[in-house]
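S.K.: Listed here are the chains, written in short residue letters.
There are 2 protein chains.
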Amino acid sequence: MISVLIVGAGNVASHLLRVFSDIDTLTVSQIGSRNLTNVPLANITILAVSDDAIATISAQISNPFVVHTSGSAALTDLQNKTQKGVFYPLQTFSKHKEIDFSQIPFCLEATNTTDLQTLTNLAKLIGNKVYHINSAQRKALHVAAVFVNNFTNHLFKIASDVCEKNQIPFEILHALIEETSNKVKVLPPAKAQTGPAIRNDEKTIKNHLNLLDKKQQEIYKILTKSIQNDS
Amino acid sequence: MISVLIVGAGNVASHLLRVFSDIDTLTVSQIGSRNLTNVPLANITILAVSDDAIATISAQISNPFVVHTSGSAALTDLQNKTQKGVFYPLQTFSKHKEIDFSQIPFCLEATNTTDLQTLTNLAKLIGNKVYHINSAQRKALHVAAVFVNNFTNHLFKIASDVCEKNQIPFEILHALIEETSNKVKVLPPAKAQTGPAIRNDEKTIKNHLNLLDKKQQEIYKILTKSIQNDS
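Protein chains in written order, with our numbering: chain A, 6 to 236; chain B, 6 to 236.
Hint data in this document are derived by calculation from the structure and do not stem from the laboratory. Worth double-checking, as some hints may not be accurate.
Where chains are identical, the list cannot tell them apart; a pair therefore holds if satisfied intra-copy or between any two copies.
When the alpha-carbon atoms are kept at most 35 angstroms apart in a straight line, the in silico DSBU-like pairs for lysine-lysine are as follows [said to hold, decoys possible]:
1. 230 x 208
2. 100 x 86
3. 129 x 208
4. 196 x 86
5. 129 x 219
6. 86 x 220
These numbers come from a predicted model, not from an experiment.
Using the sequences provided together with the hints, build the complete structure.
M.R.: As structure tokens, this is what we get:
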């Protein structure tokens with residue numbers, strides 16, 4: 006029986022707690038990050054806390070194996086004196102939306118192969134996709150994730166603003182959004198690129214710019230230029 | 006029996022030809038856009054040609070009802086002397102990827118309600134989602150589509166470049182891309198926004214910028230600023 010302790014009370018902590026609770030071969034417990042006077046012993050201690058808190062909190066924990074769940078913090082940001090690792094589920098977690106862990110990639114790192122195997126076993130109890138990713142790679146991956154998630158969502162926001170301004174239901178775009186994200190699974194994004202920018206269709210580009218406000222125009226222009234420079 | 010003539014030989018033309026051919030209550034024929042000497046008569050003539058060719062080609066057609074399939078051309082760009090309309094399937098069409106028309110929104114426009122009803126009936130033979138969208142709205146919709154499709158795909162391209170440079174398989178990001186596009190169906194994009202920009206996490210933003218090249222930095226900065234201005 007492996008014991009897991011989750012430290013933290015945010016979205017990642019609560020989703021991990023829920024999914025681990027369903028596994029018969031695990032015992033899981035959870036504590037808030039401000040209550041470190043009586044930390045329960047556990048084989049694996051998972052810090053699901055903000056990046057800034059990783060050093061301070063890990064320094065107060067003497068459990069044998071402490072890992073964080075951050076995409077951008079390094080393994081060496083952990084300040085516990087025992088074994089260290091990273092258990093990073095690459096997904097966007099919302100409080101009120103269930104997560105299918107079987108589809109989530111786990112990016113794992115540890116200082117030795119035994120610890121890495123321990124984390125691999127743990128990840129495989131709840132997921133199918135396990136990657137061994139070092140700290141430098143994970144940082145790069147986190148930037149890439151910002152582009153495909155945060156920035157992409159912001160483009161959706163701009164599209165939604167354009168729709169709202171013109172009394173168009175945003176749901177008309179749902180199918181196109183879905184197809185765009187499905188396409189990238191079967192075709193590299195460089196090959197999937199279409200539209201006025203890559204066609205150098207200056208007339209359409211000019212017409213589009215006329216329909217946008219100053220800030221939207223700025224983003225339209227820079228992305229159009231970037232697509233054209235790439236092709 | 007309704008007869009449909011498709012003029013054009015590109016992606017939209019061939020996908021429409023395929024899907025209409027499966028409908029028992031339709032007869033469908035197709036001609037290239039450079040062979041307009043002997044245009045077959047049809048109830049509905051669909052010009053699936055480039056925007057620039059719509060005026061010239063429609064001027065040479067005397068069939069009773071001529072529609073184009075463009076997101077950015079106006080209904081009045083049609084130069085036929087008979088009835089005019091727009092039959093715009095809002096989707097990205099690739100030559101080698103099958104399209105599920107049942108999920109595609111059809112944006113329809115016509116000069117009178119009888120013609121609009123004819124187009125609605127035609128769209129409902131192959132799809133479920135039919136919207137009546139005027140020319141001004143359709144232009145705005147086309148800009149919005151560029152944001153959620155062309156520009157989003159370019160962000161995927163940048164993420165893929167970052168992954169490649171750091172020897173990370175791009176497929177790690179597939180689940181996140183899928184979740185990002187699924188989320189927008191249940192949560193307005195303004196509410197779904199997460200990440201360092203909206204958190205004003207300047208430390209992470211600085212770290213991210215250090216990992217990017219000049220052009221990627223420019224895009225990262227402008228999108229971060231835009232997210233922060235929005236919130």
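S.K.: Going through the numbered hints above, which ones does this structure break? Give me the numbers in ascending order.
M.R.: 4, 5 and 6
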